[in-house]
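Here the structure of chain A is known, so what remains is to put chain B in place on it, guided by the hints.
In order, the protein sequence lines correspond to chains A and B.
My numbering applies: residue 1 is where the first sequence begins, and numbers increase by one.
My numbering applies: residue 1001 is where the second sequence begins, and numbers increase by one.
Just so you know, these hints were derived from the structure itself, not from any lab.
Quick caveat: nothing in here was measured; it's all calculated off a predicted structure.
A virtual CB, placed ideally from N, CA and C, is assigned to each residue, including glycine.
Not one of these hints is a red herring.
Calculated pairs, DSBU-like style, for lysine-lysine (alpha carbon to alpha carbon, straight line, at most 30 Å):
1. A:235 - A:167
2. A:316 - B:1048
3. B:1053 - A:316
4. A:385 - B:1048
5. A:230 - A:372
6. A:156 - A:171
7. A:230 - B:1051
8. A:288 - B:1091
9. B:1146 - A:385
10. A:235 - B:1048
11. A:230 - B:1048
12. B:1293 - A:118
13. B:1026 - A:235
14. B:1164 - B:1026
15. B:1053 - A:230
16. B:1026 - A:385
17. B:1125 - B:1005
18. B:1051 - A:385
19. B:1053 - A:385
20. B:1026 - B:1125
21. A:118 - B:1284
22. B:1051 - A:316
23. B:1051 - A:235
24. B:1056 - A:316
25. B:1053 - A:235
26. B:1091 - A:198
Across the chosen pairs, the derived CB separations fall in these ranges:
27. B:1089 - A:229: 52 to 58 Å
28. A:175 - B:1119: 43 to 49 Å
29. A:14 - B:1131: 54 to 60 Å
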Amino acid sequence: MSNSSIEYIKKELSPKVRTIGSALFVAGLIIVVLGYITDPVRSAYNNIVGLTFLISVGVGSLFLLTLEYVAGAVWSTPFRRVTEFLAANIYLIPLLAIPLLLNVNTIFQWTHPEPADKTLINKAPYLNVTFFIVRVALFWLIWLCFYFFISKNSVKQDTSRDQSLTKLNIKLSTIFIPLFAITISFAAIDWLMSLSPKWFSTIFGVYYFSGTVLAALAAGTIFIVLLNEKGYFVKGLSSNHYYSLGALLFAFTNFWAYIAFSQYLLIWYANLPEETTWFIVRWQGSWKIISIGLVFVHFLIPYFGLLSQPSKMNPKRLLWMSGWILFAHYYDLYWMTMPNFGKDGVVLGWIELGFPLLIAGLIMLVFNFKAKSQNLVSIGDPKLKRGIDFRL
Amino acid sequence: MMSEKILYSYTGIFDTPDQIIHATEKAVEAGYTKYDVNTPYPLHGMDKAMKLKPSKLGYVALVFGLSGTLATILTIWWMSAIDYPIVIGGKPLFSFPAYVPIVFEVTVLSAAIMTVVSMLFFFFKLPNNSHPLHGTEYMKKVSADKYGISIQADDPKFNESSVKKFLESVHASEIIPIYWDEEEVNHKNKILEPKFIIFLLVVAVITSGVTYFSFNQLMYMVPFNWMMDQPKLSAQQQSPVFADGFGMRQPVAGTIARGDMIYQFTGQPDLAGVKLVNPIPISKESLQLGQVKFDIYCSPCHGYNADGASRLRGQFPNPPSLHSDKVRNWSDGRIFAVVTEGQNTMPSYSSQLSFDERWAVINYLRALQRALNAKESDVQ
Chain A
1 MSNSSIEYIK KELSPKVRTI GSALFVAGLI IVVLGYITDP VRSAYNNIVG LTFLISVGVG
61 SLFLLTLEYV AGAVWSTPFR RVTEFLAANI YLIPLLAIPL LLNVNTIFQW THPEPADKTL
121 INKAPYLNVT FFIVRVALFW LIWLCFYFFI SKNSVKQDTS RDQSLTKLNI KLSTIFIPLF
181 AITISFAAID WLMSLSPKWF STIFGVYYFS GTVLAALAAG TIFIVLLNEK GYFVKGLSSN
241 HYYSLGALLF AFTNFWAYIA FSQYLLIWYA NLPEETTWFI VRWQGSWKII SIGLVFVHFL
301 IPYFGLLSQP SKMNPKRLLW MSGWILFAHY YDLYWMTMPN FGKDGVVLGW IELGFPLLIA
361 GLIMLVFNFK AKSQNLVSIG DPKLKRGIDF RL
Chain B
1001 MMSEKILYSY TGIFDTPDQI IHATEKAVEA GYTKYDVNTP YPLHGMDKAM KLKPSKLGYV
1061 ALVFGLSGTL ATILTIWWMS AIDYPIVIGG KPLFSFPAYV PIVFEVTVLS AAIMTVVSML
1121 FFFFKLPNNS HPLHGTEYMK KVSADKYGIS IQADDPKFNE SSVKKFLESV HASEIIPIYW
1181 DEEEVNHKNK ILEPKFIIFL LVVAVITSGV TYFSFNQLMY MVPFNWMMDQ PKLSAQQQSP
1241 VFADGFGMRQ PVAGTIARGD MIYQFTGQPD LAGVKLVNPI PISKESLQLG QVKFDIYCSP
1301 CHGYNADGAS RLRGQFPNPP SLHSDKVRNW SDGRIFAVVT EGQNTMPSYS SQLSFDERWA
1361 VINYLRALQR ALNAKESDVQ
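Isolated chain B, as found in the complex:
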């Protein structure tokens, strides 16, 4: 019976780590190449005893890490500089420092994942889950408290009696021959069997079919679409109710928003200067509001002191000083007209500043003008 079985290897079992390292060194000396050592935990010095070369896994990490780096740089560059260019924070479209954290993360991620994947599939040969040593008495011992060496029968130097003698010479406490299981001998690569491939195909079709159906069909069926079907109008939607078909309506002619006023002097700034009177009395609150609004909307061009020395000076035609005699002699209403309608390069600020705010800004501007051209009486 035994002789019909095919020999896989001869194994020797040892009791101490020193013995197994010694035995391994001897096995290398004796010229065995197809052998393996099994221990319950990693042994210091075993790599050296087996004369193993440094693992190639590091190169996998390097190659995939660097390809992660490159792929990410290219992706972000294409997305933010070519396909959808948006200026963010005034930075150039391709601003590398901003990419570094992402590039770094993807480098680490791709190196880590690909190292593990290639370790499992390339170095450990993962889909293959059987080995002649599995389930043997030998494996039970070396995965508990013993140390073992297994010298394979396909080693060119293998010879039953000499291997036995060798294992005895290094004082193996037990010598066990390992035979192939019949199943493993007749083992075929089952991955390529038609049955298995058809099974995979069926699973793929069902999975993608169900996914497609549930996301693209089911969601639009009663009762799942109830939330979607609402009678109200959303922004930009059409409506058959109105003659022009627009869902969004203009306010009724003559409507005035709450707190707003109608400006009656469009195109007639001089008339405004005569007819408009500042309704806001000068108070601490009014001046403070005026200062806030002035610093936000006016100071970028006119400067914080209204003298035109602004932080944008030189980038477009310089605005004149607001301390000129012309402006100082203008009435509040005349300035109001400029703020409301704009003048020359200056645009209208009617959408940024409400009526009251415009008057507050004018009050503040008057304070600035007076500060620069103070009268004798102001000092007292």
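Chain A on its own, in the form it takes in the complex:
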């Protein structure tokens, strides 16, 4: 259409991204390897936190990407590539999943149920190692396929300027979203809920989903704000775009709190022994501090940090809050996973540092790698002009 009037000159990312990314990656890798040597079980639990965090960023980004297509949103088109690059982290999921699949017997109680344990025996048709691996592989393939084709079409559009590619992506996205709903719920059940295999919460999939979208949004916002402030995108992106990002972060912060509280309230109210165990474990000893902290870290601080209108438009505030929300999501996953390992009290040491560093490094390296070969702006997208002109 009138995209010819948009000036976009591709700039190379600063070499700092690669240096910092590699440094974080190497540091993380060393700690992880040392951790696996000294305490394999504890490292495996950390590995789950890391893996689910990577799924959150990668698959969550793919969800945001498809959501833009399905909803026909224009405001996010100028920086949709950032979300696409982050979704490329889906490639790395096996990297973190394979060590876990090798250790599956040490962390998942359901892999070796006692013969007298009727509950676990009855759950065995779903919770068994073979089917578990099949599910992990299948979900990964679904995510990968959709990422691959949607991203390929989007990149192709840069040169061909073919509008039918957008339509094709809308179709793909429409198929993906229901699949996403199913796969992300079952992934949450498989990786997180089955850690305490006798406990169940029907809202758990949604709970993980709400954190997933938050993490993907926050990771995207960090890159978008940093790159836009340094002029890597096209000119004309204004506080209106920032406001939309901030409003989404704010909305999903509330959504997370709503879901988290719904889960807690029903279990607290009904007070059934088979449901309350999960929270009782997290209310024991020093875990209580982490549990109460979750309310502040994941809800109150981001809530008041993003409440006012100017704070959603201020790039600096947005950057800080996004970083905080990423931390909060990691904190949330840690809170869900680690009490299964250390039932007496908080487990926190140098081993816990490995996976966050590793993943931060990986995300930066993947972003750097993608930014080298592809444009940072989808210049062939028919919605781009409208996206730049977007005003609230």
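Same frame as chain A, but now just chain B:
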């Protein structure tokens, strides 16, 4: 004639949104402060052109939202922990998680209502329903397909000729002066007029009077009270028919409820053990009934296996095992006496279990005892 009228403002009409935004920017540059822009729909970028500060309405929402939160917490706390304390579901009297949904709803409700109300009355000045621009040719145009700016005469920089010149310089397609209506000039605040206040008072008196009369008087008059006046006796009512004045009567002495029996051995458990014989033969139905009743009434203290390992163990003197030689050697009638009258800490279960049910429980207990002390012959 015209000169007698008082000028309210000079208005300029424009054909495109770009023109009006340009004109607004120029008006701000020229230093006009008392002006307004009228457009048929909200224009993007107009806030910026007018250099408007962000609306204060958000703070109203915040303040009233938070006061809703606080008021609700205090209300529920006072109601459920102070004024009418009832333990619900074994939870503490002040159990915050249960309040959160209500607190949340009231927060949203009070923020929403007060935002709208203060928007209407405080920001829009609602009781005031007249404005010099109402009913003018200018207003007709800017509420259809034109865009207009109105620079008021009370602006310190206002000067008829210079404003006219300014509007021409920004290419207004039409320039119309707006005058005050005579009525509006002579407008007085009618809310405080005695007539209006008396009218309000009369309405208030009539409304409350009619309400009081219909709910407190009319309902008790013939024919509206016909449903209330019934000759039958309600529970707990007095009755002059009986000497003692009670409306509710005791059953005639010696009455036995259907399916019930009289227990003749009160205070004589040993006699009961000798004289009472279990009339219920052991059958699958009897054992199943016994199990259901045993699990409900007996197992909390005696345990599901009657061995005393119960879920209440440790909270009061532990009940002895029912597998002791003493109990096993008791006759059915002796156990029946304990179930009926209670023993030591154990209360009577005669109101919970009917005669047949008591016998069924005893049958089931015998099965439990035999399971733990099986004879050689039972295995075959």
